[in-house]
Amino acid sequence: MTPAEAAAGVDPAVAAEPRGTVALLGQPNVGKSTVFNTLTGLRQHVGNWPGKTVERKEGRLALPDGAARLIDLPGTYSLTAGSAEERIVRQFLLHADPDVVIFLADATALERGLYLLAEVLALHGRVVVGLNRMDVARERGVDVDADALSRALGLPVVPMVARNADGVDRLLSEAEAVRRNPARCQASPPAMQGQAARVLDDLTGRLAPVVPAPYPPRWLAQKLLEGDTEACGLARDALGRTQWPALEAELRENEDLVLDVLGARYAWVERAVRAAVHRPSAGRVSWTDRLDRIATHGVWGFVLLFAVLGAALALTFEIALPLQGWLDAHMVQPSAAATREALAGAPPWLGGLLADGVITGVGTVLTFLPVLALFYVFMGILEDSGYLARVALVMDRFMHGIGLHGKSALPLTLGFGCNVISVMNARIIDSRAGRLMTILLAPLVPCSARLAVLAVLTPAFFGAWASVAMIGLIALNMLVLAGLGLLLNRTTFRGAESAFVMELPLYQRPHLRSTLFYVYSNLKAFVKNAGTVIVVASIAIWALSSFPGPGLENSVLAQLGHLVAPVGDLMGFDWRLIAALLSSFVAKEVAISTLGILYGADGGTAALTQALPAAVGPAAGLAFLAVTMLFIPCMATVAVMRQEAGWAWTLVSAVLLLAVSLLLGIGLYQGAVLLGLGGAP
Amino acid sequence: MTLDARETMPGFAKPFGKRRKIRGEAGQVDATCPPTDTLLTGVPAGRTVRVAGVNGGYRLLDRLSALGVVPGAAARILRNPRCGPLLLQVHDTRVALGRGQAAKVRVAPLPDAAEAADDAG
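These protein sequence lines map, in sequence, to chains F and V. Okay, so the first sequence: first residue is 3 according to our numbering, each after it adds one. Okay, so the second sequence: first residue is 8 according to our numbering, each after it adds one.
FYI, nobody ran anything at the bench for these hints, they're computed from the structure. Where a beta carbon is used, it is the ideal one built from N, C-alpha and C, also for glycine. Everything hinted at is true.
Pair by pair, the computed Cβ-Cβ distance ranges are:
#: 1; chain 1: V; residue 1: 89; chain 2: F; residue 2: 562; range: 52 to 58 Å
#: 2; chain 1: F; residue 1: 481; chain 2: V; residue 2: 89; range: 24 to 30 Å
#: 3; chain 1: V; residue 1: 89; chain 2: F; residue 2: 93; range: 39 to 45 Å
#: 4; chain 1: V; residue 1: 89; chain 2: F; residue 2: 534; range: 48 to 54 Å
#: 5; chain 1: F; residue 1: 316; chain 2: V; residue 2: 89; range: 28 to 34 Å
#: 6; chain 1: F; residue 1: 669; chain 2: V; residue 2: 89; range: 38 to 44 Å
Sequences are here, hints too, so could you generate the full structure?
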């Protein structure tokens, strides 16, 4: 606080402009988000790191000496530039140079935490260590002496139980103390010996004159020994074509020194752990041991997983979707009707715009909220408890083949209810490539709305063979999903997910407060990001299907249907089927009502079942259903895909799905005609 | 498992274009590795072994080190199914390892039970 502010009596905690930056850092599963939520409360902003599909959380931190920005850095296990998260963390430490880093370690797995700390200290010295889950460590018979650890590390160490907010105040005061007096931190990162030290000195000497700020030359030299690709690029650019080859030769000569670097890091960790950790009663059988005997078992693990998946589907079909339908029937539709009635005297387009454009869009967003909340709670509990990691372990052997992470099984299963839920929950997958793959494949899971379209239209086209056609079409979807997964895995995401190395965290009781925060911040993001896109898309589709009018038959949508008729011809589609397909962008079930209007059978599904076979042959019907199942998903799904993966990937997905659905549609129609399934009605 | 077979196992991207030499924790080149070395995939569940080395590239080495799977560490194998990932405990961390990755981790028997208790604890 400046003297002027002090004189004006400004409360430092609510001062308008936060000064200074504090970073929160730690490995995954150390309770970082719990600490972040406790420290910032609702004063937080969730977004993405620039150009990355990695979540960025920022909040305001009320330090005793004035507010600061608190940045929640992504959880990583190390700081070698292997993943987007690792790159973000080290770029932030280097370029943003935060005043203080709050480093969170797990008292039940201190070795791992300190390993990351060793890497952090090579980049940034002003660190306060929060030692979380002291209670769990004690339960497991591990006694961690925070003061001894503090002496061994040369850093302030605060014992904590973040779930109960124990130690949070002290963490803040220590952070403040370090901000005021950086000399409180006297840590020395791991030191090399022998050959490694000599090579490191030599490399550092060569790099020091040319390496641009803010990269510490010694850190860069060490990362070169560790085979860090980003560091290699940096050194290559800095040294130029004349000096790089010599350095590269030296690196090649000393490739084995990476083991010395890692060894020195672990020796440093071991020294600190030996000073601070005592195990008066080792060898206790813990909850985790007992539960994992079931959850990771070759048979019982599957039984448990299927029970969980079953519960998820039951939740979808018994509670979430009926709830959404109820909200639509009792709140959205009546408001639309009331709006139309109130505007009966006004120009008809105004009533249409408000009722069919705005209210439909806003209604879609609103009816999604309780459903999404339900699934965020469900997934939050699964994740918080530690079970989700076991799902990955059990499912890996099946998902691995198509390049998916074991955890993808869960969001993809939820896709049978709704693709939106599927895409929104893909964030449980830690790796960026795995997350993107899941998001790209999610629209291929037949959602309940598309299943409803199938249920109505297969009897119309195929009569007694309806159930065979339905099963066949669902199987086609799953085949395309697997095929596209294989293709993406071999091309775009090649090698991205080659290694399955994962920590299985200890089981713990889910934390209600964290779960509610998770639900709240995600719903807020959905309304803000996806919500606007959905409303705009809804208005656009309304305009396309109403102008110039009168009626859907004379709309731009119908003209579009006529325009792309040549493509439609290849699949046996007339313009009406094309218009129905396009209108299903609002929501998949809209295809049915559009068909009803266009085929003059506006009297419910029975009338449509009568009218359709007279106008559309079985071959075209088959192609239409296949295309509907594989086509670009509904606008809500597209909106959340954009929110989670960005426009570029959403576009890639749209183009892919368009190509796949049309190719298969054409193939199916032509094949069916060849087999004599009748192209004409 | 012969040395040749290990050398030809699929590796990871090598920034310097050449395969890293494989070495045990005490500076030995692979040719002098004690014959007692086996691969993690060959260890039945329930046994505790010492990690002797990693035959993979930098990236795998980094991932494993960050979770505590480093040369010298004691690893208790909790699950080793015929197909699908292995589950081990290193220090206080449970690590799931794909079979491909586990096949790159060399292990040796622990000298005696005392060291096992020391390393695990």
